[in-house]
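Engineer: For reference, the chains in residue letters:
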Amino acid sequence: MARAVTSKRKIINTAAAWTVGLLIFFPILWTILTSFKTEATAIADPPVFIGFEWTLANYATVLERSDYARFLWNSIIIAGGSTILGILVAVPAAWSMAFVPSKHTKDILLWMLSTKMLPAVGVLYPIYLIFIKLGLLDSRTGLVIVLMLMNLPIIVWMLYTYFREIPGEILEAARMDGASLKEEILYVLTPMAVPGIASTLLLNFILAWNEAFWTLNLTAAKAAPLTAFIASYSSPEGLFYAKLSAASTMAIVPILILGWFSQKQLVSGLTFGAVK
Amino acid sequence: MATQNSRSAARLMMAPAVILLLGWMLVPLVMTLLFSFKKYLPLRGGDLGWVGFDNYVRFVTSSAFWPSVSATLIIVGGVLAITVGLGVLLAILLNQPMWGQGIVRILVISPFFVMPTVSALVWKNMFMDPVNGLFAHLWKFFGAAPVEWLSQASLQSIILIVSWQWLPFATLILLTAIQSLDREQLEAAEMDGAAPLQRFGYITLPHLGRAITVVVLIQTIFLLGIFAEIFVTTQGSFGTRTLTYLIYQRVLESQNVGLGSAGGVYAIILANIIAIFLMRMVGKNLDK
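Chains as they are written, first to last, in my numbering: chain Z, 1 to 276; chain Y, 1001 to 1288.
It is worth saying that the hints were derived from the structure and are not from the lab. As the structure is a prediction and not an experimental result, all values here were calculated from the model. Each hint can be trusted.
No farther apart than 25 Å at their CA atoms in a straight line, the calculated lysine-lysine pairs in the DSS-like style are these:
| # | chain 1 | residue 1 | chain 2 | residue 2 |
| --- | --- | --- | --- | --- |
| 1 | Z | K116 | Z | K276 |
| 2 | Z | K106 | Z | K276 |
| 3 | Z | K276 | Y | K1284 |
| 4 | Z | K116 | Z | K103 |
| 5 | Y | K1284 | Z | K106 |
| 6 | Z | K106 | Z | K116 |
| 7 | Z | K133 | Y | K1038 |
| 8 | Z | K103 | Y | K1284 |
| 9 | Y | K1284 | Z | K116 |
| 10 | Z | K133 | Z | K222 |
| 11 | Y | K1039 | Z | K133 |
| 12 | Z | K116 | Z | K264 |
| 13 | Z | K264 | Y | K1284 |
| 14 | Z | K264 | Z | K276 |
Covered, in the sense of this in silico footprint (three residues per stretch, anywhere, with C-beta under 8 Å from a C-beta of chain Z), are these stretches of chain Y:
| # | segment |
| --- | --- |
| 15 | 1167–1175 |
| 16 | 1252–1261 |
| 17 | 1272–1279 |
Quick partial rundown of chain Z residues pointing at chain Y, CB under 7 Å, derived from the structure:
| # | residue |
| --- | --- |
| 18 | T14 |
| 19 | A17 |
| 20 | P27 |
| 21 | I43 |
| 22 | P47 |
| 23 | P92 |
| 24 | S96 |
| 25 | M117 |
| 26 | G122 |
| 27 | L124 |
| 28 | I230 |
| 29 | S234 |
| 30 | A251 |
| 31 | F272 |
| 32 | V275 |
C-beta: ideal position from N, C-alpha, C; glycine also.
All chains, full assembly: derive it from the sequences and hints.
Structural biologist: In C-alpha cells, the structure reads:
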C-alpha cells in the first residue's frame, strides 16, 4: 500500500517537474526549431511546431555572411584569452592564500570580491577614455584585459576554494623529501588541482562569452564578439525569425553544452562558497 | 614549516593579482570621482573646469532621475520576487524522487547560459512581437486582442525576460541548499503529525534562509547593472530607463561625462550598500 502511494507520488512529481522544465526550456527549444524553418514557416499562423520541412538554408545564409566567422572568432579569443590569462594570474595568488595563509588573507579575499561589486556603468567613461588613449578601443586585447579583470575575483575565489581542500600534509611530505617550491607546484599540487582549475576555466569561459556590457560598449566593427553580432539583429533583421534563430542557435549551443557540464561549479563560483 | 622564505614567496605570488585588481579598481574610480566634480563635455569644449557638487545636484533633480530609480526598483524587486518565489517551489519539486531528474535539471538550468542579447532578442521578436510573436498567436487563439508587450507592458516584459534568465540560478542555489537539509528531521516532523505546510514553514524555509539571502544579494548586484536586455528591446523608452541605462545615456549618448560620472558615483554607493551585507555573509563562511 505504502509503495503504491509512493510510486503514484513519483509519477505526479515526474509529470510536474517535466512540465515545468520543458516550459522553462521552451524558448530555447523554439529558437532551435525555428532555425530549421523557412522564413515563411517561421511566421506561419497558426505556428508550426514539428511538422515542417526542415532546412539548413538559414545556417548557410548566416555562415555566408563572411562576418559571422569573425564574430565567432572574436568571442573565442576574448572569452578564451581572458579566462586563460585570469587563471595564470590567479593560480599563484590562490595557491599562496590556501597554503601559506596569513592573518590578512581573509581581508584580501573579501577586498577582491568587493571589486566585483563595482557597477560597470560607474566606471564606463574612464575605461572608455583609457582605451582611446592606449588605442585599445575596438580591440580584442582590450576586451581580454577588461574581462580578465572583471572575472579575476571569481577565478581567485574558486581556485582558493578548491586548493583549500587539498590536504596540506601532502605538501609537507613533499617538502620533507626535499622538493623545491617549483617541484612542489609542478609535480604535487598541479595534478591534484587540475579538476578544480578545469571547472574554474569552464565557468569563467561561459561568463566571459556571455558578458554583454563591456563587449557592447567597447567594440565597433573589428573586435565585436557574438553578443554584439546578435545585438545588431535588433531590427529590422530581427524580423527574419529563421535567420535570427540560426544565428542565435550557433551563438548559444556550444556554451549551453559547456554549461551543462559546469552547473555544479556555478553555485560555488557565483556564491563565493557561501552556499554548499 | 612555513618559513620566512615561503612567506615572502607567497606574497610575491599574490602580487600580480592584487596589483592588477588594485589598479582596475582605483584608477577608473578616481577618474570617475574627478569627472563628477567637473563640467566635462567631450564633444562641446571638453574639460570646462570644476563645478563643485553641481553635477550631483543636477543628476538628482533632473526629471529623468526619479522615474529611473523607480524603474530600477520595480525591475529588481519584480525579478527577485519571481525568481525567489518560483525558485523555492521549483527547488522543492526538483528535490522529490522522480524519473529523469538529471535531464529536468539540465532543462531548468539552461536559460542561465544563454547570452543576454540572444534571450532579449528571442523574447522580443519571437514571443512578444504583436503580429508574429507566439504570445500574439496564443492571445488570438483565446479570442483576445494581441498585446504590444514592450510598449504597453514594458516593465512587466523586461521583468519576464530577466526573470527567465535568473530563475535557473536561484533554483540551482536553493536546490543545493535543500539537498543539505536533514531528511530525518523532516521525517520525524511528519511522524509527529506536522502537516506539509507546517513542515515547510518551520523546517524547510528557515533552513533556506541563508541561501535565499545569498540569492537576493548576488542577484541584486547583477540586476542593478542589467544593460543588454534594455539595450536591444526598448532602448530605455516606455518607462524602462533604469539608473544604469540613464547613466549610460548621459555618458555615451549625450556625452555629458561630468553628469554621468556623478550618476556613476550614486550607482557605486548604492551597490556598495548591498555589497556590504553580502560580504558579511561570505566573510562568516571563511571563518569556518
